[in-house]
Amino acid sequence: MPEQYDLIEAAMKIIQDRRSVRQYTDEPVSEEHLEMILEAARQAPSGENAQPWRFIIVKDPATRKQLGAIAGGGSGRRFTAEFVTKKMQERFLSLEDEAKKKAIFEKLTSGRVSAFLADAPVSIVVCGKKDVWDLPYDTSAAIENILLMVTALGLGACWVIAPCIDIRDEERLKDLFGVPEGVKVVSIISIGHPTRPHRPRPRIPLNELVYSEKWDIPYYEEEA
Amino acid sequence: MSSRDVSLDYVNSIVYDLQKAFWDERGKGARFRVTTVGQDYFMDKCLPRIKAQDVEAIVETIEQVLEEEGVVADISHEIDGRLLRLKVQGCLHENVEQRFVAKGVEPFTCIPANLVVLAIEKTLDQPVELAEIKIEDGACRMLLVLFESRPTFD
Numbered sequence: 001m002p003e004q005y006d007l008i009e010a011a012m013k014i015i016q017d018r019r020s021v022r023q024y025t026d027e028p029v030s031e032e033h034l035e036m037i038l039e040a041a042r043q044a045p046s047g048e049n050a051q052p053w054r055f056i057i058v059k060d061p062a063t064r065k066q067l068g069a070i071a072g073g074g075s076g077r078r079f080t081a082e083f084v085t086k087k088m089q090e091r092f093l094s095l096e097d098e099a100k101k102k103a104i105f106e107k108l109t110s111g112r113v114s115a116f117l118a119d120a121p122v123s124i125v126v127c128g129k130k131d132v133w134d135l136p137y138d139t140s141a142a143i144e145n146i147l148l149m150v151t152a153l154g155l156g157a158c159w160v161i162a163p164c165i166d167i168r169d170e171e172r173l174k175d176l177f178g179v180p181e182g183v184k185v186v187s188i189i190s191i192g193h194p195t196r197p198h199r200p201r202p203r204i205p206l207n208e209l210v211y212s213e214k215w216d217i218p219y220y221e222e223e224a
Numbered sequence: 001m002s003s004r005d006v007s008l009d010y011v012n013s014i015v016y017d018l019q020k021a022f023w024d025e026r027g028k029g030a031r032f033r034v035t036t037v038g039q040d041y042f043m044d045k046c047l048p049r050i051k052a053q054d055v056e057a058i059v060e061t062i063e064q065v066l067e068e069e070g071v072v073a074d075i076s077h078e079i080d081g082r083l084l085r086l087k088v089q090g091c092l093h094e095n096v097e098q099r100f101v102a103k104g105v106e107p108f109t110c111i112p113a114n115l116v117v118l119a120i121e122k123t124l125d126q127p128v129e130l131a132e133i134k135i136e137d138g139a140c141r142m143l144l145v146l147f148e149s150r151p152t153f154d
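Top to bottom, those sequences are chains R and P.
According to our numbering, the first sequence is numbered sequentially starting from 1.
According to our numbering, the second sequence is numbered sequentially starting from 1.
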């Protein structure tokens with residue numbers, strides 16, 4: 001029997017249950033679910049109600065491979081640069097398990113952390129029209145709606161910026177998908193059925209995030 | 001083409017303001033949006049000069065162009081495995097980098113480095129990543145990473 005929640009509890013549960021899921025089973029995402037996900041995106045807030053978002057649905061295995069290659073290549077380049085400048089080692093300084101650290105470095109520098117896009121049953125390429133004022137904000141709101149609906153449906157998703165953060169890679173994506181000059185590729189959202197449950201990632205406590213009236217004056221004295 | 005003289009201070013103040021605007025908008029992500037800055041200059045001045053098909057010779061060609069055009073007073077490099085180190089002295093734009101350093105921000109754009117990246121990528125289709133820009137002893141020192149090939153996952 002399904003669990004029962006009131007609306008407030010359900011909203012918070014969906015928000016708290018969202019994870020970045022990178023491994024999926026072979027089970028396809030149903031058209032019914034896909035349409036609900038896209039409808040959620042369509043309802044996002046938008047400056048001037050411009051609704052600059054456009055979405056490209058990618059299922060074709062050959063295209064997915066190319067997408068994975070561009071994503072993996074971009075991630076691999078950036079993380080390798082972070083590694084050779086020792087900044088990655090600084091970032092993981094508190095991780096004492098050397099074997100785990102080595103595995104993380106290898107996963108990041110190889111680009112595998114983003115190349116999984118090739119294996120996602122479906123990806124949504126989120127694009128934004130440039131002739132509006134609020135392109136990054138509007139499309140990010142749409143993406144969050146996508147992620148929440150995915151979670152509500154019991155699916156898994158990952159918000160992947162790797163294949164478009166560098167303008168060189170974004171140009172490759174635009175060629176791949178025939179995206180015109182007046183449109184920016186913002187992100188890729190991979191979606192599928194998760195292979196396993198995922199633990200929550202740590203979050204900074206509210207008392208370190210929230211200020212009262214002015215910067216750096218804590219709103220909460222104790223951890224909330 | 002105009003032969004009108006333009007104050008270098010004026011040019012660099014504009015370049016700095018543009019880069020600062022990028023930095024204020026994107027923070028550390030700004031560096032990834034400026035990786036092709038210089039591409040028109042590259043197509044016009046550099047690409048026609050590149051005849052060789054090896055990294056060493058390609059970098060040397062870019063160095064020659066930059067010195068002949070007066071963009072830099074001196075530029076040299078060394079290749080150590082997959083790492084390419086560039087040392088630039090007397091760059092027209094060094095004041096831009098200095099202003100970022102003075103603000104505590106690591107410089108994130110280097111036109112000479114971009115030209116080297118563009119040259120290797122366009123000629124050999126080998127990815128290159130600019131990893132670091134440092135100013136030491138009056139010279140800009142750039143660290144770039146050379147990759148064997150572009151992933152295809154075929």
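Wrong hints could be hidden among the right ones.
On the chain R side, residues computed to face chain P include the following (Cβ under 10 Å) [as the list claims (entries may be wrong)]:
1) Lys65
2) Gln66
3) Thr80
4) Thr85
5) Ala115
6) Gly154
7) Glu170
8) Asp175
9) Leu176
10) Asp216
11) Ile217
12) Tyr220
Simulated from the structure, these hints should not be mistaken for lab results.
Fair warning: this is a prediction, and the values are worked out from it, not measured in the lab.
Quick reminder that beta carbons are idealized off the backbone N, C-alpha and C, glycines included.
Inset, instruction - Quick one: which hint numbers does this structure break? Sort them smallest to largest. - result: Structure breaks hints 6, 8, 9, 10, 11 and 12.
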